[in-house]
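Colleague: Sequence:
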Amino acid sequence: MSTTLPPESDAEASAVLIDEVAVEPGYSLFARVGAEVFGTFVLVLVGVGTALWSAVSGVAGSGLAVPLGFGIAVLGAASAVGHVSGGHFNPAVSLGAAIGGRIGWLDMLVYWLAQIVGGTAAAALLFFLIPSGLADITGSSNRAWFSSTSNGFGDHSPFSTAAQGAATFGLGAAIIIEVVATAVFVGVILGVTDKRANVTNAPVAIGFTLSALIALTVPFTNGSLNPARSLATALFSEGWAIQQVWVFWLAPLLGGAIAALVYRLVTPVPVIAGEWPETEITEEVVLAEESDPEPDALDALLARQAAAVPTTEETPEVETPEVETPEVETPEQRDGEAPRA
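Numbering-wise (the working numbering), the sequence shown opens with residue 50 and increments by one.
It is worth saying that the hints were derived from the structure and are not from the lab.
Glycine included, C-beta positions come from ideal geometry on N, C-alpha and C.
Some clues are possibly wrong.
To be verified - Straight-line C-alpha distance at most 25 Å; calculated SDA-like pairs for lysine to any residue: (1) Lys244 - Val311; (2) Lys244 - Ser128; (3) Lys244 - Gly150; (4) Lys244 - Gly125; (5) Lys244 - Ser103; (6) Lys244 - Thr316; (7) Lys244 - Leu314; (8) Lys244 - Phe176; (9) Lys244 - Ala254; (10) Lys244 - Val233; (11) Lys244 - Val315; (12) Lys244 - Leu94; (13) Lys244 - Arg313; (14) Lys244 - Leu310; (15) Lys244 - Ile121.
As the list claims (entries may be wrong) - Just the calculated beta-carbon pair ranges, DEER-fashion: (16) Phe79 - Leu310: 28 to 36 Å; (17) Gly75 - Asn250: 18 to 26 Å; (18) Gly125 - Leu183: 27 to 35 Å; (19) Ser190 - Trp154: 35 to 43 Å; (20) Gly188 - Arg245: 52 to 60 Å; (21) Val253 - Gly150: 44 to 52 Å; (22) Ser128 - Trp289: 33 to 41 Å; (23) Val229 - Gly203: 15 to 23 Å; (24) Ala216 - Gly288: 19 to 27 Å.
Build the full structure now, drawing on both the sequences and the hints.
Modeller: If you want it as structure tokens, here you go:
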């Protein structure tokens, strides 16, 4: 619990009150872990579930259903629990937050575990909801059906499947596109959640950015940008998915780290404690903020008015007329005698 110095004026007292009201309440590690489990569960459930059944449900459309599924899922989950944990739902985002000084390294590892649990639980639910007779219709196993949601490169990239193997995106292309896309995604998150950005609806920006990047990367790798999502689907897919999943851990984490390092280099001042709910406001930060309060327009107006009013009233000088004292005659002077010495 931080302590603050007593304010020296009413303006400083108002500033301190506003700062205290704006501070986010602190949440326990258990609450933050629960928020990350929930958010990643929603992300995989909606995004992967849409991808799993889009071809047979008629929602595939022009290819925007799956990207919008991922983006809207993040938008909703971040709006619901983002104030609790920061709304990462992605190990690459948590790594970027740790490099940016917004969470501790131990907290990052706990977040990773929570995200893996949430994503795996959602993938397991989707896998076990596959109808038992689907294999008879498709002529393949349930794992083969579920593999369509996994991330892959080479012969397992969606473009290679569409081109029937005539053209494909190899390992190098997969790493490059995942690094760049994840770096852009994490950079947007770091930017819109920075207090200096003054963004009022960060989840909307984050959700639609994810949708656009998923739409970009689907032909290459089926759109990962999230190691927890890739691992979750690989666990219930055919063997090739688990063999290639290392790429979708390495590339997104590298992209998240690059984004965080670049953001720290280009921002004019480092991110201060207390910007995200995971951090605590220290005494030094509170004192520093109070030592340089922002001027208030009303206070400035009152100060100018006070300066215009004279502090003392000038009393005009009143001239006192001189009163002549009449000369009193002595008895000798009246008798005509000269006064005695």
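Colleague: For every hint, state whether the structure bears it out.
Modeller: For each hint, the structure was consulted:
1. At roughly 18 Å between alpha-carbon atoms, lysine 244 and valine 311 fall within 25 Å of each other, so this suggested pair holds.
2. Taking the CA atoms of lysine 244 and serine 128, the gap is about 17 Å. The hint holds against a cut of 25 Å.
3. At roughly 14 Å between alpha-carbon atoms, lysine 244 and glycine 150 fall within 25 Å of each other, so this suggested pair holds.
4. Among the hinted pairs, lysine 244 with glycine 125 is consistent with the structure: their alpha-carbon atoms are about 21 Å apart, no more than 25 Å.
5. Simply put, lysine 244 and serine 103 have alpha-carbon atoms about 39 Å apart, too far for the 25 Å limit, and the pair is violated.
6. With a CA separation close to 12 Å, the supplied pair lysine 244 and threonine 316 stays within the 25 Å bound.
7. Restraint check for lysine 244 and leucine 314: the C-alpha separation of about 17 Å stays at or below 25 Å, so the hint holds.
8. Restraint check: the Cα-Cα separation between lysine 244 and phenylalanine 176 comes to about 41 Å, which exceeds 25 Å; the hinted pair is violated.
9. For the hint pairing lysine 244 with alanine 254, the CA-to-CA distance comes to about 15 Å; that is within 25 Å, so the pair holds.
10. At roughly 19 Å between alpha-carbon atoms, lysine 244 and valine 233 fall within 25 Å of each other, so this suggested pair holds.
11. For the proposed pair lysine 244 and valine 315, the alpha carbon gap of about 16 Å is at most 25 Å, so the pair holds.
12. This hinted pair does not check out: lysine 244 and leucine 94 have alpha carbons roughly 31 Å apart, beyond 25 Å.
13. A hinted pair counts as satisfied when its Cα atoms are at most 25 Å apart, and lysine 244 with arginine 313 qualifies at roughly 14 Å.
14. At roughly 18 Å between alpha-carbon atoms, lysine 244 and leucine 310 fall within 25 Å of each other, so this suggested pair holds.
15. Straight-line distance between C-alpha atoms of lysine 244 and isoleucine 121 comes to about 24 Å, which keeps the hinted pair within the 25 Å bound.
16. Our hint of 28 to 36 Å for phenylalanine 79 and leucine 310 holds, since their Cβ atoms are close to 31 Å apart.
17. A hinted range of 18 to 26 Å holds for the C-beta pair glycine 75 and asparagine 250, which are about 23 Å apart.
18. The given range of 27 to 35 Å is respected by glycine 125 and leucine 183, whose C-beta atoms sit roughly 29 Å from each other.
19. Under the hint 35 to 43 Å, the C-beta atoms of serine 190 and tryptophan 154, about 41 Å apart, fit the expected range.
20. Taking the beta carbon of each, glycine 188 and arginine 245 are about 57 Å apart, inside 52 to 60 Å as hinted.
21. Distance hint for valine 253 and glycine 150: a CB-CB separation of about 25 Å, inconsistent with the stated range 44 to 52 Å.
22. A hinted range of 33 to 41 Å for the beta carbons of serine 128 and tryptophan 289 is consistent with their spacing of about 36 Å.
23. Checking the proposed 15 to 23 Å range against valine 229 and glycine 203 shows it holds: the Cβ atoms sit about 19 Å from each other.
24. For the pair alanine 216 and glycine 288, the supplied restraint of 19 to 27 Å holds, since their beta-carbon distance comes to about 24 Å.
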